[in-house]
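Undergrad: So you can see what is in the structure, the chains are spelled out below.
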Amino acid sequence: MAHALFEYDGLCRNIHGHSYNLEVTLIGKSKKQPGHPKDGMVVDFGELKKIVNSKVVEKFDHALMINSLFPESQIELLKQTTKRIIIVDFQPTTENIVSDIARILQQHLPTGVSLFSIRLYETVTSFAEWFASDNQ
Amino acid sequence: MAHALFEYDGLCRNIHGHSYNLEVTLIGKSKKQPGHPKDGMVVDFGELKKIVNSKVVEKFDHALMINSLFPESQIELLKQTTKRIIIVDFQPTTENIVSDIARILQQHLPTGVSLFSIRLYETVTSFAEWFASDNQ
Amino acid sequence: MAHALFEYDGLCRNIHGHSYNLEVTLIGKSKKQPGHPKDGMVVDFGELKKIVNSKVVEKFDHALMINSLFPESQIELLKQTTKRIIIVDFQPTTENIVSDIARILQQHLPTGVSLFSIRLYETVTSFAEWFASDNQ
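Chains as they are written, first to last, in numbering that gives the first Met the number 0: chain A, 0 to 135; chain B, 0 to 135; chain C, 0 to 135.
Looking at chain A on its own, in the form it has when it is part of the complex (with noise of 0.2 Å):
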């Protein structure tokens, strides 16, 4: 994905790109019910990949992130040179970025299971972690 930092001291003013990386932490109790498909579950990967992909990784992957903030002139330039083009009320970055992928993920979450923590890689070495406790 890439973004640009709305009046930020320094390069990241200028659209670049991230290979960003997510990681999902549920929490809930493991299904005890032997002979149910699910059994031994908080929640099956698989389901969980179904989400996290279909509602943030799809929509944000190859797009660009950019704050409500920027003149419409420019967004109007952006508009006509990439077809992804997401505008958003907040600066995107990882911080914020992350929260934003809580909002998204506690509306589709299945029952009984809930989010524990999230970390979102900006680069290898760089990432913000939101946690459910310290959002409550």
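These are calculated hints, taken from the structure and not from any lab test. There's no promise every hint is true.
Treat identical chains as interchangeable: a pair holds within one or across any two.
[Claimed, not checked] With a cut-off of at most 30 Å between alpha-carbon atoms, the simulated DSS-like pairs for lysine-lysine come out as follows: (1) Lys-30 x Lys-54; (2) Lys-30 x Lys-78; (3) Lys-31 x Lys-54; (4) Lys-78 x Lys-31.
Add chains B and C to chain A, keeping to what the hints say.
TA: Here is chains B and C on its own, set in the frame of chain A:
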């Protein structure tokens, strides 16, 4: 290790294998005893590795873990194909295996330390994590 | 960095080196100040890296860390072999080094954020982790 999920509604009902990756974290106070061989350690990494290897890794490595709910006839057939079969009274999901590893390790830890967490990767992108604080 | 463990009952009593890997996590609120250069950040990754590099990495990198309990004659000899020697009043285990790094960083953090945790890998498979919540 190989496993199969009894009555699972997908490909994992078949016998298949993973290169599991195990991360064990202990908690305790560092020994403050200048001149002692283990001064400054919570636990000697070598001692922890020895315990984890002998009690968990060597037993599970290249074994086939099977739910005891599998029909006896199938289990008998499997025993003819492999010498390393582990029959467990739970569905061998990552969640249940990590809990079982916690149970095993708790019996073999040196005094003064306890389990903090165990993370078991089933694949590079899928893990289950057990926290002592959730299981008291 | 190289180290040696004074009176350790194994190979680590000899001077040997590791490619340590350090992971620092801060906690704080994201700045909510649209138009501000650091809007949406808990801390600028660049600022954090600068602090960690200048206060820790550059000091410890390619140095030899030695317990002050080593006989003075040995320390004098070592000083003739290397210019980067750090004499510490603790056994330089990963546990003690990570605590020392916490002590150092706490003196240099920007206002509004604090240490959450520090994980120090001695090798790819061995780490010690320091949590602020355990050290208050």
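Undergrad: Could you work out which earlier hints the structure fails to respect and list their numbers in ascending sequence?
TA: Per hint list: zero violations.
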